[in-house]
Each structure stands twice: as C-alpha cells, then as structure tokens.
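K.L.:
Protein sequence lines correspond, in order, to chains A and B.
Just so we're aligned, residue 2 is where the first sequence starts under the working numbering, counting upward by one.
Just so we're aligned, residue -17 is where the second sequence starts under the working numbering, counting upward by one.
None of these hints come from the bench; they were simulated from the model.
Be careful, since some hints might not be right.
What the hints assert, rightly or not - Straight line, CA to CA, 27 Å or less: simulated DSSO-like cross-link-like pairs of lysine-lysine:
id : chain 1 : residue 1 : chain 2 : residue 2
1  : A       : 53        : A       : 14
2  : B       : -11       : A       : 53
3  : A       : 14        : B       : -11
4  : B       : 300       : A       : 48
5  : B       : 300       : A       : 53
6  : B       : 154       : A       : 48
7  : B       : 300       : B       : 154
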Amino acid sequence: MPVHRDDVLAWIKAIAGMLSENSAYLTDLDSAIGDADHGANMDRGFKAVLNKMPEISDKDIGTIFKTVGMTLLSTVGGAGGPLYGTWFLQAGMKTAGKMELSLADWAEALEAALSGIVMRGKAELQDKTMVDALTPAVNELKQALQEGQPINAALERSAGAAQKGMESTIPLVARKGRASYLGERSAGHQDPGATSSYLILKVAAETWKNCT
Amino acid sequence: MKKLINKPENVVREELEGIALAHPDLVKVHYGPDFIMRADGPINGKVGVISGGGSGHEPMHGGFVGMGMLDAACPGAVFTSPTPDQMLEATKAVNGGKGVLHIVKNYTGDIMNFDMAADLARAEGIEVESVVTDDDVAVKDSLYTAGRRGVGVTVLAEKLCGAAAEQGRSLKEVAEICRKAKNLGRSMGMALTSCTVPHAGKPTFDLPEDQMEIGIGIHGEPGRTRMPLKSADEITEMLMEPIISDIPYKAGDEVLLFVNGLGGTPLIELYIIYRKAYEIANKHGLKVVRNLIGPYITSLEMAGTSITMLKMDDDMLKLWDAPVKTPGLRWGV
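Chain B with its partners taken away, still in its complex shape:
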C-alpha cells in the first residue's frame, strides 16, 4: 500500500484536523463525537440540513458544509457509516428551532445508524425528517436487494436543500426538495481500478489492466459486470443509456448533467466523458441546462467515473444557482 498517511487508524482524525486548520472561516470541527459544522451555526430560525457517511468520498460530505449547503456532516471511518451519537450531537448542534433534515444515502449501515439517531433526536424534542437517496441504476431495486445505492444525486440534493433552507423554507418544504431530487435523478458509475482502504492495506478487488467494472459503487464494492476496457465514448454510452431509460426522461426536459471523478481520474478524461454524455443527452432531446464536472463524490484513489442526471424545474434551477460557500463547492459569493 502506497498512501500519504501516518497510521491507518489516524486517517480520519488527522484529515479533520487539517480541515479545521484550512477552513476556520467556513467550518468548525467537533471531536468526540466527530462532526464538522458551519462556523456560524446554529442559525436561528433556519432549518438545519445534515448528512454523513463513511469517509473516503471527499469532498462529500464534510467539504459541503457551509453557507448554502450543509449545516453539518458526520464522518465515519473509511467506508463505514458514522454512529448514532455523531448524528444526534450534530442534529442538536445545528438545530435552529425549525427542525433538521437528515440526508441519508441508501446503505444498510447508514440507514440503521441514522434511524437510531433520528429516534433519539425526536425523543429530545427536535423535529427530524429523513430522506434517503437511492439513485444508482446499476443496482436492481427489488425485494431481494438492499435497494439502489445512494450516489451522485446526494451531492446535488445537498446543494438544493441547503439553498432552500437558506431561503427560510420549512422543514417539510426542504425535505420535499430532497425527495424531488431523489425522484428525478439517476446515476451510474464504472471503475478502471480498485481502491485500497487504509486499514485493509490492499486493494478491495483485483481488476486486471485490460478490464473494467461497470456498475461500481462508491465503496470499492465490485459492480455487476466486468468486461474488456472500451473507449471513452462507448463507456459513456453504457452509463448514459440505463440512466435515460430509467426515469424515463422525455424530449424537451431540462437536465443537470454531473460527470463525477471517483478520485483517480483526471479532469481531462472527465471532460471527454462530458462531451459524449452531452451529445447523447441532446440526441434524446434533453436540454443540458447546468453541469457539474469534477471529483465530488469519490472512492479514495479509484480511477473511474460516474454520471448523474437530474431533471430540473425553475425552482430547482434557482436553488442550484443560489450562492454557496463551502470548502468543496463555492459560487455566487
């Protein structure tokens, strides 16, 4: 294992210390239980929006804490959901009296831990709503699986909900925005390489030089099929077609196109993917009105990409364009 770390067990703690030193104007870091919250929080009269999940997906979620996005984020160990006490303390810390929204990615551990935290927070008199994102079309949503995984839509939902909360909307309304994003957004990813969890010390799976994994999740869990490597254009088609056919989107729809890097893929390649994804969207009559390109929801150093498409309406466009000031996403300020 070749990594810029000191000790595997100190990875998350030392990352948090770095974030605290780097962004004191935007966030403050609470240790034991660990969470990152807005430097100016809690904000009286504003709905709190929090999320959390395993570490290793940076900048998600901690990098999205700040004005116009998350009020707090709870980092778990690498690829391991955080614990209920983290979410409970974060919920209490950001509660401005109008309730708190939990944005939860659909993974068994995240669901169980957030459920327990929401129960505990409600027992303490805080109004909590939870919305679970499950946008990964690579996973069949059936009674026989844990359901689709929450991936790229989570980033977009955090931005939209953060903006809605900033406008002073109610907990119900902010949660409604989250459900809208969850219902109108779909994603699919692929990997060129595996990744190495620091405490595991070796790659999660083997992927030969000439092979790729289609339908990969964000935890290095193998996808559904493995096949010989193809060209960027062919790969883009293999990701876009299942997304477009799933909702289904219809000609004339306005969409946000998000081409995400999984950690080890450079921007030069992501733009090549974007170029083809844009063309495919156009071919289907979809109008790409906004985009996001870069590594925003990563899987450590994995090489690969995921594509997310979100159908937008006027309200969502305004929320997307609203000012945001976080370590990982910043515009309009």
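Chain A on its own, in the form it takes in the complex:
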C-alpha cells in the first residue's frame, strides 16, 4: 500500500520525537564547528509543528507539508529555518491535494525539496552541508524507483545513502555556513545539518516500513 496521509502525519510526529531525543547530540555536533544551536532550534520548530497537528490532521498531504514548512520558517530561525522550511514548502507544492503518495510522488517531492534547498542556501556537493546527505538520498530513491522496488525497500536504500553522505562530510572542509569560518579546522567533524537530514529520512524509512 502507498504512503497514506495518516502515515505522513505519523512521520511528522516521529520526527518531533526523534529531534527531542537527539537535540543534545545535534547541538554537540554544532558546538564543534558552528554555534551550538542546531538541536535546540530543530526541536523548538517541530514542537511548534506538533501544536499545529490538530488543525491539519484531516487535510491533504500538500497542506500538511505546507503547514509544517511555514511553521518551521517562523520558529526555527538560523539557517535551519529557511532551509527546512523550504524542504517542506517545496514538498508541499508537489503533493498538493494528494491523500496518498506513491514512490514516484515521494521521489518527486524530495527532489523538489533538495532543489529548493540548493537554491536558497546556494550550497554545492562537498560544501559540508545537508546537501551532501540529501543528494545521494534523492539519487538512490530515483534509482530504486527505476528498478521497480517497493516503497519500504526504496526508503531503506535512500536512508542508507543519506547516512553515507552524512559520514562523507566528516573529512570535508566547510565552504558554507558558520563552519566555513574555521577553514581547515572544520575537517574531522560531521556536519550537523547533514546529520539532521539523515535522521529525518531514517525516521521516514522506519515509520513507513509497511508501505509498499
């Protein structure tokens, strides 16, 4: 069965739970090369999203994503607000009116999210940002789609690719964001934005494990 609207809502809730648990971890990563606020900001944003859940629980997936995006935009702040806001706003535009998502729908939504993030943040691959986790995740998703794989298997592969992408940021020298001020000293640390992006996709694979 495809990803139903209720699965999408469950995913959003699961992201909020995951961020609450990982807030200190993400902030620790950010302390090393940034300004020690990524975990707290994301946690605050998705807590605000949870408060909006009652008013979107009977809406279409596009409206749900759009509401998540607008809420993140007005509560997260920093670079994460516009970037994660863009993720969900773009995904919302691609899924407008839909009550369920096929693998093709999800791949299209995530690809739109990535394009929007690249446009807003002007980051390229290997700049040591969330783009390093999201790009392989989108590519893997499209590959799995071509191979005719079921949704759950495709999501596993996509999350696996995001994890590799996230780990690939460790040796990189940051070229975007606050970490870039450190120059060579940013190498040896995992990028917090790539990490939160991976975690969000991992939660999707877990929450939608029965979707085919």
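Please arrange chain B on chain A, whose structure you already have, making use of the hints.
P.N.:
Chain B alone, transformed into the frame defined by chain A:
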C-alpha cells in the same frame, strides 16, 4: 552552568519583558512575532531603520532602538537569527511611507531570513533596501567561505544610519551611509574564555587557562588560531595590524576607534587596550577623532575584546555626533 536565568527557553521572552518595563519612554515591545520598536514609531515621512539577529549580543540590537538610531530590532533565540515573520512585521510596523532599511550582519542564517522578509515586505508594497555588514578581517573573504562576518561596524552603522534617517534623508541616501560604513570599517576580535549558550548548558568550546583564541566571532564560534596568552599590548598589536593593513588606511585619515568588550571583560582592561590601539593608530599616522569604549556587541559572558576602526569623513562625523536616545547609547539629548 551558572547563570541568572529561570529556564533556558524563557531567556529571550523574560529579557524582553524586562526591557519593556525598564524603558517604556523609549521603546515598546511586540510579542508574537517578537520585536522591539520605538515608543513613538512609526514616524511619518521618515525612513525606517531596522536590524535584528540572535540574542546574546546585548545591548545590540534591541538596546539601540530609539530616537537617532534603530526604529526596530528583531531578537532571535540566543545566537540564532530571527525569523522572516519577525522582520516582516517589524518592517510594516516602522514603515513611515519612505521605505525601510534592513541592516543585516553577514551570517548564513541572517541573510536567508532577512532575504525572505525583504521579499515578503516588497510584495506588500513596502520599499526595502538591505545592506549586509561584513567587517571581520579574521575571516578570509573568498568563494570558499560564507564571507567575512558582520561584527563591530554594525553598531556604528546603526548609529550613522539612524542619524541620517532622522535628518529626513531618503532610503537610498540612508542605505548609502550604511554601505560607506561597511566599506570603510574593519574589525577583529579575540577571546580569553568561551561562553555558554543557555540551552546548550556548557561552554561552546574549551579554552585552557593559559590560552587565547584569536579571530573569534561573536557567537562563541572558535576563531582561526589558538595560542598562549600574551600581554594586552601584544594582543592589541595582533588585532590592530590586520585591521590597518586591510583597507588600507593611509596616513592622515581620520578614524573612529571602537574598543568593544565581549561581555566578560571589565572596562579597566578595555581602556588598557584602547591606550595601545590609539598609540598604534598614531604610529600609522591615523588621527583618532572619535571613540567608543565598552560592551556594545557582546557574546554572552565571554571574556575578550574586539577592535573596530572606521574611517570617517565630515558627513559621518556630523551623523556620529547627532543626538541619540536609546537604552544602550545616549548623547546630545
């Protein structure tokens, strides 16, 4: 963590409530979205000047709201840029019909959020100009970084632009003053200690007792080099030389010398730094015609200093001397 707070998540809200109670004659505080604006704003026929940024740099920016300086300031969470809805509402609230200038410090998050806010404000028919300050010479400005950080020059630009707007100058002219300050000013900072973001609960980085961090930013982000602690005079030289060689300033230039405390350094030490910085400026033939000494753009309780030098002309001198009446800066009234 030892801090005079109640709960980390209430820090900004409770600070705003304190400001509202302390300065009702100067500012009013709007909650949800949060911004501080002039008590007598919006002022018809005057260009609005607003800024914003993460909290933790007090008195910047909220402490600079008032006659002769900012019309509004948008505080984000500690060290986190504010959100587009804050800037949009502040822009609308201060718009006196002649447009609004956004003064933005060069950080990835600030740029993205202010960009979105400016787009939204323009969509609502408000003329907006944005100027980005990027005066920190500790950061290399290249294609491979986010560019130099906006630091001390921001405070000076807010004063100059506020005065220019007060005189009735146009949005273009006020923005031009801001660009001039951005182009003619340079800064560099150093830290003796780290600082603790309330919701992080522990210092952003470790700095041993006998070490210092040169090229520190204002968010506790580590600088570029760490070395054994040196004397005040030697440290002042390490900050002044990169500043002076960057513009480059030339003998005979008149400058404003701003020695800033990062939050945990007492004035007695800032004057020791000023004494040496003044001497170094003189040695290069630079005439220090104005100064500002004190904690104006801070990094929570971090001990350390930053030095900013701004080349002045007659117009800028008049704007600097013009009356200002804000919680954090006040003269001529």
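K.L.:
So if I understand the rule, the pair passes when the alpha-carbon distance is 27 Å or less; does residue 300 of chain B with residue 154 of chain B pass?
P.N.:
holds (19 Å)
K.L.:
Sort out whether residue 48 of chain A lies within 27 Å of residue 154 of chain B, counting only the CA atoms.
P.N.:
Violated. Residue 154 of chain B to residue 48 of chain A sits at ~41 Å, over the 27 Å cutoff.
K.L.:
Are the Cα positions of residue 300 of chain B and residue 48 of chain A separated by 27 Å at most?
P.N.:
violated (49 Å)
K.L.:
Take a quick look at whether residue 14 of chain A and residue -11 of chain B sit within 27 Å of each other, Cα to Cα.
P.N.:
holds (25 Å)
K.L.:
Holds or violated: residue -11 of chain B and residue 53 of chain A, Cα atoms, limit 27 Å.
P.N.:
Since the Cα atoms of residue -11 of chain B and residue 53 of chain A sit roughly 24 Å apart, the hinted pair holds (cutoff 27 Å).
K.L.:
Straight-line Cα separation of residue 300 of chain B and residue 53 of chain A no greater than 27 Å?
P.N.:
Roughly 51 Å separates the two Cα atoms, so the pair is violated.
K.L.:
Hey, residue 53 of chain A versus residue 14 of chain A, does the alpha-carbon distance stay inside 27 Å?
P.N.:
Holds: residue 53 of chain A and residue 14 of chain A sit about 11 Å apart, inside 27 Å.
Checked against the numbered hints given earlier, this structure breaks hints 4, 5, 6; the rest are met.
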